[in-house]
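Colleague: Convert by adding 233 to the 1-based position in the sequence shown; the result is the number in our numbering.
Hints should not be assumed to be uniformly reliable.
Said to hold, decoys possible - Once the Cα atoms are required to be at most 27 Å apart in a straight line, the calculated DSSO-like pairs of lysine-lysine come out as:
(1) Lys-399 to Lys-438
(2) Lys-518 to Lys-438
(3) Lys-438 to Lys-452
(4) Lys-452 to Lys-518
(5) Lys-515 to Lys-452
(6) Lys-399 to Lys-518
(7) Lys-337 to Lys-452
(8) Lys-399 to Lys-515
(9) Lys-452 to Lys-399
Just so you know, the hints here were simulated from the structure itself, not pulled from any lab data.
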Amino acid sequence: MHYLHAIKAIRDFLPMPELPEVETTRRGIEPHIVGRRVQALHVRQPSLRWPIPDEMARYFEGESIVALSRRGKYLIITLAGGSALVHLGMSGSLRICSLNEAPKKHDHWDMQFEEHILRYHDPRRFGAFLWAGDNPMQHKLLAKLGPEPDQEAFNAANLYLASRGKTLAIKNFLMDSQRVVGVGNIYANEALFRAGIYPNTPAGKLSRSRYERLVSSVKEVLAQAIASGGSTLKDYVNGSGSPGYFQQELLAYGRTGEACVQCAEPVREMRIGQRSSFYCGKCQKP
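The task is simple: from the sequences and hints, build the whole structure.
Modeller: Written out as structure tokens, the structure reads:
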């Protein structure tokens with residue numbers, strides 16, 4: 234359903250992969266790399282958002298992958314001697330490729346195993362591949378992140394207390410990674426629609442009961458997106474190179490002018506913090 238707004242979203246917007254896309258990627262590539270020994274690491278373009286360390290090949294070559302986990306939008310590749318962080322940036326993707334598949338333009342590094350290759354593709358080069366040492370959770374990119382959406386610490390009581398006195402729009406408050414990780418623009422729009430909350434409402438104005446509904450909506454929309462394989466908007470593909478399909482289930486994002494699925498009023502659009510926000514003026518209340 235909603236194929237027309239999915240096409241419009243693909244044409245008009247360039248969001249980065251969000252938590253469901255990263256988790257879908259993790260699940261897709263995990264069986265192909267965990268427990269396998271890295272034969273070689275080939276870096277063709279080290280200049281990403283931050284330069285890939287010169288010694289990265291030395292850390293990986295000859296070592297086996299112990300685990301592949303996720304923290305927020307970061308993937309953590311764990312070896313016996315330490316861990317590396319991978320971020321997909323705005324347009325990055327990780328795919329499993331055959332050994333004889335030639336690299337294409339924007340294929341910036343390969344992790345070669347005995348039977349296949351893990352290949353990183355990133356046209357905009359806003360991604361990252363960094364060494365994080367023995368304790369990746371203390372790395373500066375991870376240390377200050379808030380709870381995962383499925384953790385007990387992400388709850389209405391904590392959000393309600395943190396929001397008191399805040400005039401920041403609830404959409405931007407929700408997208409603050411110190412409050413909760415992984416709620417980017419797409420899923421913030423969707424969660425606020427499902428919770429019936431106007432996205433520009435000051436965070437401090439919402440009651441405890443409305444935060445209860447919002448937390449439930451965030452958990453619901455992210456779980457649904459992960460189950461559907463993520464949202465394909467412009468560049469995103471999952472670990473097998475296939476697109477995600479959650480865009481067919483979007484209720485608000487990218488649907489400007491289309492009928493609200495609940496009341497048939499036209500979906501509206503506005504800018505909040507330099508990002509497009511989509512809402513129903515009838516169903517979503519301040």
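Colleague: Look at each hint and say if it fits the structure.
Modeller: Hints, verified against the model:
no., hint, result
1, Lys-399 to Lys-438, "holds, 8 Å"
2, Lys-518 to Lys-438, "holds, 12 Å"
3, Lys-438 to Lys-452, "holds, 22 Å"
4, Lys-452 to Lys-518, "holds, 20 Å"
5, Lys-515 to Lys-452, "holds, 24 Å"
6, Lys-399 to Lys-518, "holds, 18 Å"
7, Lys-337 to Lys-452, "violated, 37 Å"
8, Lys-399 to Lys-515, "holds, 25 Å"
9, Lys-452 to Lys-399, "holds, 23 Å"
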